[in-house]
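Sequence lines, in order, name chains A and B.
For what it's worth, our numbering labels the leading residue of the first sequence as 4, then goes sequentially.
For what it's worth, our numbering labels the leading residue of the second sequence as 3, then goes sequentially.
Just so you know, the hints here were simulated from the structure itself, not pulled from any lab data.
Just to be clear, a hint being listed does not mean it is correct.
Below, simulated DSBU-like cross-link-like pairs (lysine-lysine); rule was C-alpha separation at most 35 Å, straight line [to be verified]: (1) A:K240 / B:K300; (2) A:K59 / B:K136; (3) B:K42 / B:K17; (4) A:K200 / B:K42; (5) A:K240 / A:K200; (6) A:K200 / B:K300.
Since the structure is predicted, the reported quantities are computational estimates derived from the model, not experimental observations.
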Amino acid sequence: MNEYWSARVEAAENAAKGDVSIEDLPIRSNETSNAYSVRFNGVGDYPLYAYLHIPKSDGPHVPIFQAPGYGSVVAVPPYERRSTYIVMALCHRGQRLSNSRYSAAYPGLLTDGLPGEDIYIWGDIVADCITAVQILLQQPNIDASRLAITGGDLAYITAALTKGVHALQTGALMFADIDNRTAGDPDYPLAEFNDFKRSHPEAWGEARATLTNFDPAELASSIDANKVLFSTGAGEKDYYDQLAAKLSGETTVNVNLGKGHLDHITQEDWLAKACGVEKGPAHYPRTS
Amino acid sequence: MTRRDPSDFVSSVRKPDDFDDYWQATEAETLAIPLNPRLKPDPMRSTAEVEVFEARYDSYAGLEIAGWYCRPRNFEGQLPGYLFVPGYVSEPKLPTDLALRGYAAFSAAPRNKLRSNSVFNPGYPGLLTHNIDKRTEYGYRGFYMDAIRAFDFLSGLDEVDSSRICVQGGSQGGALTLLVSSLRADQVACASAGAPYLCSMMDSASLTRSYPYEEINDYLRLHPEREEAVRDTLDLHDIHNFVDKIECPIIVNIGLMDDVCPPETGFAVFNQIGSEDKKLYTYEDCAHDSGSGVGHDKVMQEFLDGHLNPVAL
Numbered sequence: 004m005n006e007y008w009s010a011r012v013e014a015a016e017n018a019a020k021g022d023v024s025i026e027d028l029p030i031r032s033n034e035t036s037n038a039y040s041v042r043f044n045g046v047g048d049y050p051l052y053a054y055l056h057i058p059k060s061d062g063p064h065v066p067i068f069q070a071p072g073y074g075s076v077v078a079v080p081p082y083e084r085r086s087t088y089i090v091m092a093l094c095h096r097g098q099r100l101s102n103s104r105y106s107a108a109y110p111g112l113l114t115d116g117l118p119g120e121d122i123y124i125w126g127d128i129v130a131d132c133i134t135a136v137q138i139l140l141q142q143p144n145i146d147a148s149r150l151a152i153t154g155g156d157l158a159y160i161t162a163a164l165t166k167g168v169h170a171l172q173t174g175a176l177m178f179a180d181i182d183n184r185t186a187g188d189p190d191y192p193l194a195e196f197n198d199f200k201r202s203h204p205e206a207w208g209e210a211r212a213t214l215t216n217f218d219p220a221e222l223a224s225s226i227d228a229n230k231v232l233f234s235t236g237a238g239e240k241d242y243y244d245q246l247a248a249k250l251s252g253e254t255t256v257n258v259n260l261g262k263g264h265l266d267h268i269t270q271e272d273w274l275a276k277a278c279g280v281e282k283g284p285a286h287y288p289r290t291s
Numbered sequence: 003m004t005r006r007d008p009s010d011f012v013s014s015v016r017k018p019d020d021f022d023d024y025w026q027a028t029e030a031e032t033l034a035i036p037l038n039p040r041l042k043p044d045p046m047r048s049t050a051e052v053e054v055f056e057a058r059y060d061s062y063a064g065l066e067i068a069g070w071y072c073r074p075r076n077f078e079g080q081l082p083g084y085l086f087v088p089g090y091v092s093e094p095k096l097p098t099d100l101a102l103r104g105y106a107a108f109s110a111a112p113r114n115k116l117r118s119n120s121v122f123n124p125g126y127p128g129l130l131t132h133n134i135d136k137r138t139e140y141g142y143r144g145f146y147m148d149a150i151r152a153f154d155f156l157s158g159l160d161e162v163d164s165s166r167i168c169v170q171g172g173s174q175g176g177a178l179t180l181l182v183s184s185l186r187a188d189q190v191a192c193a194s195a196g197a198p199y200l201c202s203m204m205d206s207a208s209l210t211r212s213y214p215y216e217e218i219n220d221y222l223r224l225h226p227e228r229e230e231a232v233r234d235t236l237d238l239h240d241i242h243n244f245v246d247k248i249e250c251p252i253i254v255n256i257g258l259m260d261d262v263c264p265p266e267t268g269f270a271v272f273n274q275i276g277s278e279d280k281k282l283y284t285y286e287d288c289a290h291d292s293g294s295g296v297g298h299d300k301v302m303q304e305f306l307d308g309h310l311n312p313v314a315l
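Same shape as in the complex, but just chain A:
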């Protein structure tokens, strides 16, 4: 772990030692799981919110940290996961429910604070995730030896900076292969990098150096998860194959079929198998 991350990880882990409020959230509880609102402070005493769902069945349960995606809304975790795993879904600083002091813009968040590495917002956002994982691990009735982390860049980076991750399910990494993927006219959010380059050409060199801290290839040697799944489109398979070769754990690169139902089954089956659990009952389609 480099100097940039070591100080941030230490601060994030210390933040997890602060007060944590856990309140019932009856409207999101159901017949298989109880829901809770979790409130705690991230680095800089920033107030954060997370959903926590605990199965009603006997534990111990496998904990999943569902890392936030790129958007203002963090969804309540899916029905099947809530019935099977202890799931935490964090709203990082700037997202709804964690936006009392800072509200993220879309587009805008991906370059907020560039070029300087000290104020690039993603350093603190990653720290929020690390703090949240530590709080998840403090919960009773969990099997910490099977900690799973799922999601995009924030899942990958959090897994790289957290010891003892068992399973990592990830893909579609925004910080991957930035130079090649910003050539031409990429869609948003990647286009945000081009907007920044066009507006601040003199600062791109420093910005690019800052972004190296988030580059999956640079962080690969820090990933010690036992099992890793990359889900990707066919066009980016080579990149993920190369990334997989740098990881120490048992790594699978799965090319999505582009059929959401089948791709979802593949990912959830992999997760259940990796964690050694019975997958929750499918709720859709309902049969009659």
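Please arrange chain B on chain A, whose structure you already have, making use of the hints.
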């Protein structure tokens, strides 16, 4: 146990007797508020080929609504218009790609979306059940009008050929596409609705446990005594009850394993669409992606471009 054929599904939606009066009154109330359209250039998001503007306008109950407007930097004559309407939780896209295709493109951020949520902000989850037991105060009443006014904004721009405007979106955007195509039936030239949400809403909540419809299940679990009031509100706002007014050429796409917007309700609303020129695309083993990963985006682009003839940059 086997699954019933979703194409056989019969919606339980009822059309309230006051449905047309309610929406005529709502629209009249909205139209009484000056649109007050504003465009502010956004140099950081603009390129050599595309100009980007932050848009603002006023809507139902006087709320200020935001949007993005993109157009080719250089063009001759008038441009075809493209209204993009957003999904439930996603941020409205910045439609530079549509401007590159030769469209004057407007991407709306109805109330509760970022930049339009200073007054109305029930959040996500939250919007679907906001005032759901109070039929005339339901959150989607104003939200629907925000989409209608987005169309009016686009069609009122001098550079837009008002006879060549399409509407497109997926999920909630699919619902809003159907809504705008219904309430602006004489102005929408063609439309594409993907995985339409807000159709047969009570049925949908009984067919799936995925959000957003799960919000209804959550609400009724805590307030079972309010079920009839909820059904009444939803019938008054169900997209299923609007679409017989649609006249334009339209395509609809659904995933046959969509757990978010059950395909049963997609078949039902498609059957209800009034237009004679309509086509349904169904995608096996697809979920809420509804075919976007197996080529439907190309189908949609060819359909819309074929009707509107944009000149790509």
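In rising order, the numbers of the hints this structure does not comply with: 3
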